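All chains should be modelled from the sequences, with the hints used to inform the complete structure.
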Amino acid sequence: MLTKNAAGVKARKRLCMTVNGRAVEIEIDIRESLLDVLRDRLQFTGVKQGCSVGECGACTVLLDGTPVNSCIYLATWAHGKAVVTIEGLAQDGKLTPVQEAFVDEGAIQCGFCTPGVVLSTTAMVDSGKCFTHDEVRRELSGHLCRCTGYQKIVDAAERALREADIAADEHPV
Amino acid sequence: MDHKIVGKNTQRLDAVAKVTGRAMYTDDFFERDMLVGKVLRSPHAHARVTRIDASKAKALPGVVAVLTPADLPKIKFATAGHPWSLDPGHRDVEDRLILTDKARFVGDAIAAVVAEDLLTAEKALHLIEVEYEVLPHVLTAEDAMAEGAPLLHENRPGNIVSSFGVQFGDVEAEFQNADVIFEGDYETSIVQHCHIESMSAYAFVDSDGRVVVNSSTQIPHIVRRIVAQALGLSWGRVKVIKPYIGGGFGNKQDVVVEPLTAAMSLAAGGRPVRYCMTREEVFIDTRTRHGMKLHLKTALSREGKLQGIHMQVLSNTGAYASHGHSIAMSAGGKFRPLYDFRAIKYEPKTVYTNLPVAGAMRGYGTPQIFFALESHLDDIARKLEMDPIELRRKNLIKLGHQDPLTKNVVRSFGIPECIAKGKELIHWEEKKKVHQGQTGHLRRGLGMACFAYASGTHPVALELAGARIVMNQDGSVTLQVGATEIGQGSDTVFAQITAETLGLPVDMVHVVTTQDTDITPFDSGAYASRQTFVTGIAVRKAALEVRAKVLEVAARRTGLAPAEMDIRDRMIVETSLGRTVCSLGDVAMDSFYDRLLAAPITSDTSANVRINAMSYGATFVEVEVDIQTGRVEVTELWNIHDSGTIINPKLAEGQVHGGVSMSLGAALLEQMLFDSVTGKPLNPNLLDYKLPTVLDTPKINAAFVETFDAAGTFGSKSLGECPTISPAPAVRNAVMDATGVAFHKIPLYPQVVFEKFREAGLLAERSVQHV
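Residue numbers (our numbering), protein chains in the order written: chain A, 109 to 281; chain B, 221 to 991.
It should be emphasised that the hints constitute simulated quantities derived from the structure, not laboratory data.
All values reported here derive from a predicted model rather than from experimental measurement.
Misleading hints may appear alongside valid ones.
Unchecked claim - With a cut-off of at most 27 Å between alpha-carbon atoms, the simulated BS3-like pairs for lysine-lysine come out as follows:
1) B/Lys343 with B/Lys517
2) A/Lys237 with B/Lys919
3) B/Lys343 with A/Lys121
Claimed, not checked - What follows is a list of derived Cβ distance ranges for each label pair:
4) B/Leu907 with A/Cys238: 28 to 36 Å
5) A/Gln199 with B/Glu644: 43 to 51 Å
6) B/Phe812 with A/Val132: 28 to 36 Å
7) B/Ser454 with A/Gln199: 45 to 53 Å
8) A/Val132 with B/Leu816: 53 to 61 Å
9) A/Asp273 with B/Leu625: 42 to 50 Å
10) A/Asp273 with B/Ala980: 47 to 55 Å
11) A/Ala190 with B/Arg457: 30 to 38 Å
12) A/Val132 with B/Asn229: 18 to 26 Å
13) A/His187 with B/Leu339: 45 to 53 Å
14) B/Phe812 with A/Cys238: 55 to 63 Å
15) A/Glu243 with B/Lys525: 33 to 41 Å
16) A/Cys238 with B/Leu797: 54 to 62 Å
Built from N, CA and C at the ideal position, the CB exists for glycine as well.
This is the structure:
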């Protein structure tokens with residue numbers, strides 16, 4: 109296989125990151141996207157490929173807590189960072205409140221945009237901030253969905269935020 | 221009727237699998253030593269390949285095979301996802317080869333590479349030498365039919381796929397006797413499905429020599445047939461697997477990548493080959509919605525009674541027929557069971573052009589026809605100074621109406637209630653008053669539009685559905701259906717029908733969602749809003765058979781007659797006393813292990829459904845139009861549906877939301893653009909093609925008028941495609957109400973809206989007012 113790219117630069121590199129809390133060390137081609145590495149090498153197939161150019165948001169993962177389009181994020185940039193994919197949310201078979209909100213609100217149809225939207229919502233909830241209706245919509249506007257008209261997706265995100273808010277009130281840190 | 225499960229918001233069966241990322245889609249399966257396929261596409265809209273030399277590509281290390289037209293069978297095949305017709309006269313147009321030596325649109329597939337990895341495959345594409353003899357091309361239906369136009373397909377003079385139409389009554393006599401005659405021209409643009417999962421498949425030859433294709437498809441059994449036909453294989457040698465599907469909307473009711481993917485594997489000695497299209501390829505070489513031009517001429521009485529209509533339609537089908545003329549024909553039949561015309565002459569022409577191929581898309585031509593008709597009715601109402609709602613009400617057909625051509629009977633007719641409900645929900649009268657005398661640059665208006673749709677394709681095509689139920693030892697059942705879950709929620713609805721019939725909780729119905737043509741009952745698939753209606757009948761039939769068998773075994777145990785018992789919540793109950801006699805689990809165990817009488821309880825059945833049910837509905841919308849910028853904003857929208865009994869309200873709402881959003885996209889934002897000189901697509905990506913984002917999408921309100929249709933399971937009718945029909949004309953009518961300007965083409969994007977306002981003098985009028 110290729111070891112040097114056209115510019116003559118060594119094309120392979122060791123990547124260390126955590127994925128869903130577990131340390132991963134892997135040799136990659138520096139041209140690979142984080143999406144390629146997560147899906148093709150590590151088999152985190154919950155990360156979806158919808159357009160490969162950062163337009164649809166299906167490949168969203170959390171990188172140190174921030175949603176990014178993994179298809180236009182070089183894998184090497186993730187060195188030393190913490191990646192969370194959709195597979196990293198539910199623990200011991202128990203859904204997170206965000207996942208539960210998406211299920212309960214009927215926000216899932218074909219399910220292809222779902223992992224990305226759930227992760228972006230998770231980032232909103234984890235931020236601890238309050239969001240207005242319009243802010244929720246803006247935060248989710250990088251995710252394209254053709255099935256739902258976004259109605260129940262926004263309902264689910266707002267429900268998750270509302271419930272997190274109540275939970276925070278009940279258990280002040 | 222009192223139902224325990226039907227009519228309830230049963231949670232989607234696949235919700236947890238999807239929300240945890242565990243649901244497996246075609247691209248999520250990996251085979252060892254998997255290769256990748258890539259396609260070389262024509263840069264010309266119309267060109268003959270005069271020379272093709274793949275030797276350099278073949279010599280590139282990592283390239284396993286290069287395919288050119290010469291390497292493949294010369295079998296022309298049809299790609300449309302219709303049931304096979306035994307009558308050759310009713311078959312889809314066979315105009316396609318897997319790879320072509322005559323490119324008919326920019327992006328037509330000329331050659332393909334199979335390589336160890338994507339980069340190598342991409343490189344190899346550049347090493348294939350192709351020489352073209354460039355031919356003149358045509359992009360519009362009018363140009364394609366003009367004398368001397370270049371022919372796309374040798375056996376289709378005038379580039380006309382078909383001009384078959386229908387009529388009844390004497391439309392000319394109606395025009396002669398009419399008090400008033402109106403004419404109008406309307407046009408819709410080419411749009412795309414934009415399922416977020418790409419078009420993708422992988423294929424390999426298994427240890428038995430069978431060609432296995434795993435595909436993101438709505439129609440696994442049809443894919444099997446067409447892969448076999450295209451490659452000249454015996455049908456049974458092909459096996460198709462359908463896992464979870466990331467949206468289809470009709471694009472995957474067509475066989476697009478599967479024959480090529482199978483050919484790639486065969487060329488690579490049967491090794492697994494994946495061919496997943498890029499987003500750009502999905503735009504260019506899958507299917508689109510037909511752009512249509514419609515001329516309507518209508519005869520009315522002075523009081524506004526519709527008498528006759530002559531509808532002429534030009535349907536641009538692009539480079540290959542795909543669903544061909546079926547779309548224009550199907551769509552032309554949908555308004556007949558809504559408005560009562562004495563005479564109709566429907567003259568559609570489906571025409572080849574050098575553009576990407578149009579095919580099935582949610583609504584199947586009906587959104588185009590209703591955009592024209594519902595806009596036309598508002599234009600008429602305006603000229604007659606009639607209330608557009610009254611004009612429609614006055615002309616509705618009546619319950620019991622039988623279509624003179626299809627012979628379908630209207631057994632439930634909730635449209636009058638839908639109209640009344642919509643009018644009330646949006647506060648039509650109050651808003652009308654508030655809107656009077658607007659002079660500012662932001663103007664509000666109200667619009668509405670109606671639609672009718674069918675449940676499946678009867679009597680045009682075969683409506684066969686299969687269902688198989690096996691009872692397990694614990695009394696739970698496993699259900700297999702041939703109709704495909706593609707995100708719409710059909711598996712959940714089938715589980716509800718089964719659970720309701722068998723007295724089971726839904727979690728005791730296990731639906732096999734991954735389909736495999738070796739195992740899955742025969743069914744033509746997900747399209748025509750047929751699953752709940754057509755396959756529902758098969759599922760109900762299978763469940764009733766299982767129920768009868770359960771009660772027979774229970775009768776053996778208890779001595780009671782089967783008719784004296786019922787299954788309620790997993791228990792066998794003596795009906796008259798309400799007394800539990802044994803559990804369903806007891807019956808199931810007997811059926812498996814009774815030393816004398818054991819015979820597992822199963823049903824494997826099908827339904828050949830030779831009936832149809834019309835669904836109805838209406839959109840009511842308020843818009844705010846900015847005269848200064850041409851921006852149209854939807855400020856309130858209601859879609860009211862008569863889809864019979866609603867089996868699952870939450871899933872039904874979801875269908876309405878998505879369908880409305882798709883129609884609003886077509887009304888306001890979406891269109892595929894092409895260079896008028898070269899025919900090259902200008903916006904084949906999700907940035908330049910304006911798919912609505914959440915910020916572009918208003919609140920969408922769904923409401924239902926539940927009727928009971930005797931033909932459907934538990935009284936249900938179709939819904940899936942219905943919401944995609946009426947929002948666009950309703951928005952257009954609302955813009956006219958707000959501004960007085962009639963638009964005749966969608967989408968109403970700000971630039972065209974602004975220019976038309978300027979043309980209409982609205983801007984001048986405003987500046988005068990503000991001097």
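Evaluated hints:
no., hint, result
1, B/Lys343 with B/Lys517, "violated (55 Å)"
2, A/Lys237 with B/Lys919, "holds (24 Å)"
3, B/Lys343 with A/Lys121, "holds (23 Å)"
4, B/Leu907 with A/Cys238: 28 to 36 Å, "holds (31 Å)"
5, A/Gln199 with B/Glu644: 43 to 51 Å, "holds (48 Å)"
6, B/Phe812 with A/Val132: 28 to 36 Å, "violated (47 Å)"
7, B/Ser454 with A/Gln199: 45 to 53 Å, "holds (50 Å)"
8, A/Val132 with B/Leu816: 53 to 61 Å, "holds (59 Å)"
9, A/Asp273 with B/Leu625: 42 to 50 Å, "violated (59 Å)"
10, A/Asp273 with B/Ala980: 47 to 55 Å, "holds (49 Å)"
11, A/Ala190 with B/Arg457: 30 to 38 Å, "violated (49 Å)"
12, A/Val132 with B/Asn229: 18 to 26 Å, "violated (40 Å)"
13, A/His187 with B/Leu339: 45 to 53 Å, "violated (22 Å)"
14, B/Phe812 with A/Cys238: 55 to 63 Å, "holds (57 Å)"
15, A/Glu243 with B/Lys525: 33 to 41 Å, "violated (52 Å)"
16, A/Cys238 with B/Leu797: 54 to 62 Å, "holds (58 Å)"
This entry does not satisfy hints 1, 6, 9, 11, 12, 13, 15, going by the numbered hints stated previously.
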